[in-house]
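K.L.:
Line by line, the protein sequences are chains H, F and D.
Take 1 as the starting number for the first sequence in this note's numbering and just add one per residue.
Take 1 as the starting number for the second sequence in this note's numbering and just add one per residue.
Take 1 as the starting number for the third sequence in this note's numbering and just add one per residue.
Simulated from the structure, these hints should not be mistaken for laboratory data.
Ideal Cβ positions, reconstructed from N, Cα and C, are used throughout, including at glycine.
Fair warning: there could be bad hints in the mix.
In silico DSSO-like cross-links for lysine-lysine, where the CA-CA straight-line distance does not exceed 30 Å [claimed, not checked]: (1) H:K107 to D:K300; (2) D:K300 to F:K407; (3) H:K126 to D:K55; (4) H:K126 to F:K95; (5) F:K232 to D:K55; (6) D:K112 to F:K431; (7) F:K433 to D:K55; (8) D:K55 to F:K95; (9) F:K406 to D:K193.
Reference excerpt, derived from the structure (chain H facing chain D, CB under 10 Å, subset only) [unchecked claim]: (10) Y65; (11) F118; (12) S237.
Which residues of chain F face chain H? A few of them, derived with a C-beta cut under 7 Å, are [what the hints assert, rightly or not]: (13) P51; (14) Q76; (15) P132; (16) D134.
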Amino acid sequence: MTSEATTSRPGLRWGPIVMHAGLIIAALAMVFPFIWMVLTSVKTLGQLLNAPLSLLPDPFTWDNYINSWNAVAFPLAYWNSAYIAVLSVVGTLITSAMAGYAFARIKFRGSGVLFVIFLATQMIPKQVTLIPTYVVMSTLGWVDSHLSLIVPAMLVNPFAVFLMRQFILSLPIELEEAALIDGCGRLRIFFSVILPNLRPGLSALAIITALDAWNNFLLPLVLLNSPELFTVPLLLSQFQGQYAGVNYGLIMAASALSTIPMLIVFIVAQRQILNSMASSGLGGK
Amino acid sequence: MTSKRSTILAAAAAGALMLSGCGGSSGQQPAPSSGDTTAPATVVWSTWGSPSELKRYEDFNSKFKEKHPNITVKLQSVPSYSDFHAKLLAQLTSKTAPDVFYVGDDKIGQFVDSGALLNVTDVLKAPNAVAPYDAFNPATFGAATNDDGIFAAPNDVNPDALWYDKTALKDAGITDDPATLAAAGKWTTDTFLAMNAKLKAKGKTGTMFWNYWATHYGWISSQGGKAYDGDKFVANTDPKSVAAVDQLGKLFQDKTFVVADTLPSGAGADSVFISHKAGFFAQGRYTIGTLKEAGKPENYDIVDWPSPDGTPPSTGLAASYLAINAATKVPDAAKLFWSEYLSAEGQKIRLAGGGNAVPSIKGADDVVLDGYPEHAQTFLDMRDRGFVNYAAEARVPGLSTDIAEKKFLPLYQGKATAQETLDGVADLIAKAK
Amino acid sequence: MTAQSAGLPQARRRPPSWRRRDRWWGWFFVAPQTIGMIVFVLIPFTLTFALSFAKWSGLGPIRWIGMSNYTDQLTDPVFLRSIVNTFVIALITVPVGLGASIVVATLLEKLKTRSIYLVMFFAPVVTSSIAVAMIWQQMLRADGMISEFLATVFGITPPDWLGDPRLALIAVCMVAIWSSMGLNVVIFLAGLKNIPPSVLEAATVDGASAVSQFFRIKMPLISPIIFYSTIVAVISSFQTFDIVYVLTNDAGPDNATRTMVYHIYDVGYRSAKFGVASAASVILLLITLVVTMIQLAAQKKLVNYDL
């Protein structure tokens, strides 16, 4: 971790300059759309139409924020998205660590076949089963209910099962064997030996699952009807398209309102997030 | 446990639905919640629209609740028009559809034929109806009716008026005002095309049209042709129609007219119109919102479509319909909501102050005549003379869109002749049957 | 990779007494995910497969029509176009996106303070795809900033990024790369940092240049990560939907950006041709399977597991 290969080799003085220049340009290209979004969101429509090239707002206006905040229920959508994401993460961590543990450490009849089925279902895109999924949800009575988003997120994640299995395989088996010989049950071992040692893997999985849940669009679009149940992407999509009118400052204000909370969370927790993404290795074994 | 219970519930619901389907007219059930209209009930209704349009609908909801405190009204909405109908269909399939809902004019026939809509003939023709059948232009019911009766009513309509930009016309050296010419009976096709030619000579677009049925059939009708005779498509055998379509195709091919759908992305046609790069734009009353947002509404006015001799023609009316779910559990409350929504008073609430459409019912016309645009009366005249999409076409899902995209677009792009196009349309219609 | 690790040879010995109850515990631990898979994946998928031989519009009765949904789809130019578009997206976004990520990760690895860069590269990853698409849609509009900039500064006629059928697909790829690059950079960077310094020191002593060191030593050592990321990137590029749906307003001009998943959504959900859409779904799944098999086969030749 600490040993960094330094570049100060003689005869390569241009290298670092070019490298930095390239990185800075690339990094600016990554954040420019966000800057543009914020600048556009505080411009008046007149300026947007008459001076599309001007970068800075003149005059400055909060109207777009006020109008988009008043047009739809942002606070409710933040809450919906947040609690769905939290429940999805907690559920996914528990169920996929459990399944991963079974596949990694427990010999039981059918485990090989079952694992292959899990791997294969990873390849079925959700969109492929959109219509039958709707049928299943309506049979369960979950159309227009958050259950239709939370329960599948908690119970269906073959990728997470695979990831957890790989992590558990990499744990030294001696940890559990001692406990087993002491007569500890599987359940106790899972909670007191496996889960604590799985922390890096779990935190990476938590981040990926939270992002997926937060971004989920197609299923909420199809399954939710009542505005008070809408998630943030669904709310945002209300501003899109032919009915949005010409004022794209308004659209950018709505985009900013929906992206900035997540960006703040990320910037505050960037060290933890980036480290756990990095240490996960994401199954590259 | 839960799933078992839901299965039982689902079975019970299905049983109830079958019962109500079989004994719909006998009405021997006690029907506790639907005995009289003041009984507590929740009416769920749905439509499409942008956040600002939804505000207006919520206004209607709260006015309705004030009047009927026992009835709770809930609005569901989808931003995109095509997603709205997809969701509605999925909801109807899974018995989770709202009690009252909008249906677009290109989808209404399909929903009527599916049996999913409640027959509202009695509601419209009741002696004390707040939205009586006679107060509507009967031509606007279109595919919402069939041999069994009426299954929906237009909640509002949008005549495709020709909006014009006075600044752009002045830039192109045009001194005559189209609406003034129209008032004098001099709004002829030749005058209109001469203006378009001047606009084009100045590097501007003459007129922008959306590629849909109201454009091609509106043009055929305004130029003296005939697209349909009853339920039979006749444009390909009617010389006047072929000539009109030929003229229309040539105008698109030389870029005097532009298909708004194919304009550069972004806000597209709206931006072009606001930045004075086009003279005319065939659109409905919803254009007011765009123009007011952009800040210079006084530069714009509306006029009829031109005709060869200057008499105002009959042109296309975009419509949307309000229907009641045949499987609603609160039929009386749903009917009450439906009637009040369609009534003159209800339409006034939604359409006042630069609303996005023209009332479909008599008695609410003054919301259109609120001073903008200057010749707002034209909207009402166009509504009274106009026609909605032909029922024969509107009954087949996707047919109107196919005709526009697969047949008329190639004509506009110069890939087909007028005769080929119309023969192709006749083919598509024949195949659809 | 996965099939191999699934069947890792284990020493055969008589199970100790505590293992007897294990098969019950095994099923207990896999139960939640297995139930979820059955209810929310296998049952819907079986329904999809069954419906692919039927004609059903949701409201009317289901009619069984054999293979004709498949023949209908395989001769439908719109569907074929969506297959081509999907492959074009995969062929552009996977190599360009992963290649750029490797380059950036390699450069970042040499820096002492890289966290500010990482934050900037990762920001699009935490942004919802709908917001990403809406921001880019407005930036790329024909009367928007990028076009005006090109017109004013370089005096060229600005391209209509989202309205020109040839450019719209490129725009989709560009946005897809932009929004996913940060994740790959972080993963590759972690891989590069895990290379033992001793391996690199040996190469430096041998006098290998930075470039040849990269291709001869680092690339092979992180090849398992590259391979894994490739599989994930291909599968997710095959599922492109949100960007197409918003950025190019319903699959762009003349279906220029219609992807297979969008096609399934459009035909199945919007047009309510459930049978036809189901057939398209089965075809998409088969294509995904075949492509993944090819990748798994290629892995044996290209990937180095010696580390």
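K.L.:
Is the interface hint satisfied for P51 of chain F? The criterion is a beta-carbon contact with chain H at less than 7 Å.
P.N.:
Because about 3 Å separates P51 of chain F from the closest Cβ in chain H, which is inside the 7 Å limit, the hint holds.
K.L.:
For the pair supplied as a hint, K300 of chain D and K407 of chain F, confirm whether the alpha-carbon distance does not exceed 30 Å.
P.N.:
Not OK: K300 of chain D and K407 of chain F at ~52 Å, beyond 30 Å, violated.
K.L.:
Run the distance test for K126 of chain H versus K55 of chain D: straight-line Cα separation, threshold 30 Å.
P.N.:
holds, 22 Å
K.L.:
Below or equal to 30 Å on CA atoms is what counts here, so check K126 of chain H against K95 of chain F.
P.N.:
Holds: K126 of chain H and K95 of chain F sit about 23 Å apart, inside 30 Å.
K.L.:
Min Cβ distance, Q76 of chain F to chain H: is it shorter than 7 Å?
P.N.:
Hint holds; Q76 of chain F Cβ to chain H Cβ min 4 Å, cut 7 Å.
K.L.:
Does the CB of Y65 of chain H sit less than 10 Å away from some CB of chain D?
P.N.:
violated, 15 Å
K.L.:
Given the proposed pairing of K406 of chain F with K193 of chain D, does the C-alpha separation stay at or below 30 Å?
P.N.:
This hinted pair is violated, its Cα atoms lying about 56 Å apart.
K.L.:
Could you grab the alpha-carbon distance between K107 of chain H and K300 of chain D and see if it respects the 30 Å cut-off?
P.N.:
Since the Cα atoms of K107 of chain H and K300 of chain D sit roughly 28 Å apart, the hinted pair holds (cutoff 30 Å).
K.L.:
Would the pair K232 of chain F and K55 of chain D pass a check requiring their Cα atoms to be no farther apart than 30 Å?
P.N.:
Distance of about 28 Å is within 30 Å: holds.
K.L.:
Does S237 of chain H pass the interface check with chain D, least Cβ-Cβ distance below 10 Å?
P.N.:
holds, 6 Å
K.L.:
Min Cβ distance, F118 of chain H to chain D: is it shorter than 10 Å?
P.N.:
holds, 7 Å
K.L.:
Hinted pair, alpha-carbon criterion (30 Å max): K433 of chain F, K55 of chain D. Please report holds or violated.
P.N.:
Holds, at about 17 Å.
In summary, the numbered hints that this structure violates are 2, 6, 9, 10, 15, 16.
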